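Number of protein chains: 2
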Amino acid sequence: MNTFEAIHQRRSIKQYDPGHGMTKEEITTLLEHAILSPTSFNIQNWRFVVVQDPEIRKQLKEAAWNQIQVTDASIVIVLCANLKAHHNPIRYWKDAPEEVRNMLAPMITGFYEGNEQLQRDEAMRSCGIAAQTIMLAAKEMGYDSCPMIGFDPEKFARILDLPDDFVITMMITVGKAIQQAHGRGGQLPLEEVVVYDKF
Amino acid sequence: MNTFEAIHQRRSIKQYDPGHGMTKEEITTLLEHAILSPTSFNIQNWRFVVVQDPEIRKQLKEAAWNQIQVTDASIVIVLCANLKAHHNPIRYWKDAPEEVRNMLAPMITGFYEGNEQLQRDEAMRSCGIAAQTIMLAAKEMGYDSCPMIGFDPEKFARILDLPDDFVITMMITVGKAIQQAHGRGGQLPLEEVVVYDKF
Chain A
1 MNTFEAIHQR
11 RSIKQYDPGH
21 GMTKEEITTL
31 LEHAILSPTS
41 FNIQNWRFVV
51 VQDPEIRKQL
61 KEAAWNQIQV
71 TDASIVIVLC
81 ANLKAHHNPI
91 RYWKDAPEEV
101 RNMLAPMITG
111 FYEGNEQLQR
121 DEAMRSCGIA
131 AQTIMLAAKE
141 MGYDSCPMIG
151 FDPEKFARIL
161 DLPDDFVITM
171 MITVGKAIQQ
181 AHGRGGQLPL
191 EEVVVYDKF
Chain B
1 MNTFEAIHQR
11 RSIKQYDPGH
21 GMTKEEITTL
31 LEHAILSPTS
41 FNIQNWRFVV
51 VQDPEIRKQL
61 KEAAWNQIQV
71 TDASIVIVLC
81 ANLKAHHNPI
91 RYWKDAPEEV
101 RNMLAPMITG
111 FYEGNEQLQR
121 DEAMRSCGIA
131 AQTIMLAAKE
141 MGYDSCPMIG
151 FDPEKFARIL
161 DLPDDFVITM
171 MITVGKAIQQ
181 AHGRGGQLPL
191 EEVVVYDKF
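Respectively, the protein sequence lines represent chains A and B. Residue 164 in the working numbering sits at position 164 of the first sequence, and the numbers go up by one each step. Residue 63 in the working numbering sits at position 63 of the second sequence, and the numbers go up by one each step.
Just so you know, the hints here were simulated from the structure itself, not pulled from any lab data. Because the structure is a prediction, the values reported are computed rather than measured. One should not assume that every hint holds.
No copy labels: a pair is met if it fits in one copy or bridges any two.
[As the list claims (entries may be wrong)] Mimicking SDA-like on lysine to any residue, the simulated pairs with C-alpha atoms at most 20 Å apart in a straight line are: (1) K94 / R120; (2) K84 / Q117; (3) K84 / D161; (4) K24 / Q59.
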């Protein structure tokens, strides 16, 4: 499937075959592509919680307005981010020449340190980028997906034992669709969302 | 190019052929794919400012630490979001059955109204998702890209006449690479960024 087809065919799917599981290899393939997503300064602040355990899935579903895709999909990926990923940044450039590494590391820490809004923005931005990688890669693998924010993030944090300084940004269900999406709800025309040169 | 190849081959490119322009049709194709990106509740809060004008590009470059890709790339897309996109939400579901539309519209307004952090999170999240659509679609079209946050957003807002209640989330340069990217700087191992079931 080419990239254009994947972009067109990716739709938010709510009904999945509850009997279908993904293999460990498939999950690894999906996530190996997710981590090729770009992050600012290569900060790789995302963390991906792959939930398969039925009891945890049941708890997540209850904290997500009982939406059935949370238990019926093959996997749920809760996208989280480390808000303090700018600490210890040298490892994000360990394979770069020493002078590059030594220039970038203090720049990364200085850019984010003390700016909590920026740290949170980066969490949402990085996870958004990775989310689309996951959804398009899933499509390439013959799977469907649904990005979701309709859940109680505090309950999710308790269920998943989220560490301090981490934030949950969204979740994605991935599985085998048993019912296709309805038509798109109401696309805004390109002229409304695209501006040339300035507003 | 299949989606996996696009994900692998997308790298952040800094050196572009300054003599290469994209046609209006190519830009439209790229953005027609961008707007197929999902947004929460189909809120379509992103706005894409496509900057080609050389004088504006020069000003943006000065406000972006003089990074050369801002003037050398074929186009610059400044991704912005309407923080008040939850106002007047009925149009996002104009093609859905009336009962669906009437259920969703007040839900959308209620979900975001008065919660400025959530409005900003949604700006970053939606633009992140659309950003990866743009970068992968560009790759499919034979172009390279670079996602950027290294700029002064206040100066950008003045240069672009950004309306009130809008926020700039990032920018992407798109063009013909004349120098390939270096090797990846230092990928974290999958085991560090993937968690199974809970932390």
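Verification of the hints:
1. In this homomeric assembly, K94 and R120 never come within 20 Å of each other (Cα to Cα): the closest approach is 25 Å inside a single copy and 33 Å across copies.
2. For a Cα distance limit of 20 Å, the shortest separation of K84 from Q117 qualifies both inside one copy, at 12 Å, and across copies, at 19 Å.
3. In this homomeric assembly, K84 and D161 come within 20 Å of each other (Cα to Cα) only inside a single copy, at 17 Å, whereas the closest approach across copies is 33 Å.
4. Within a single copy, K24 and Q59 get their C-alpha atoms no closer than 23 Å, and across copies no closer than 50 Å, so neither meets the 20 Å cut-off.
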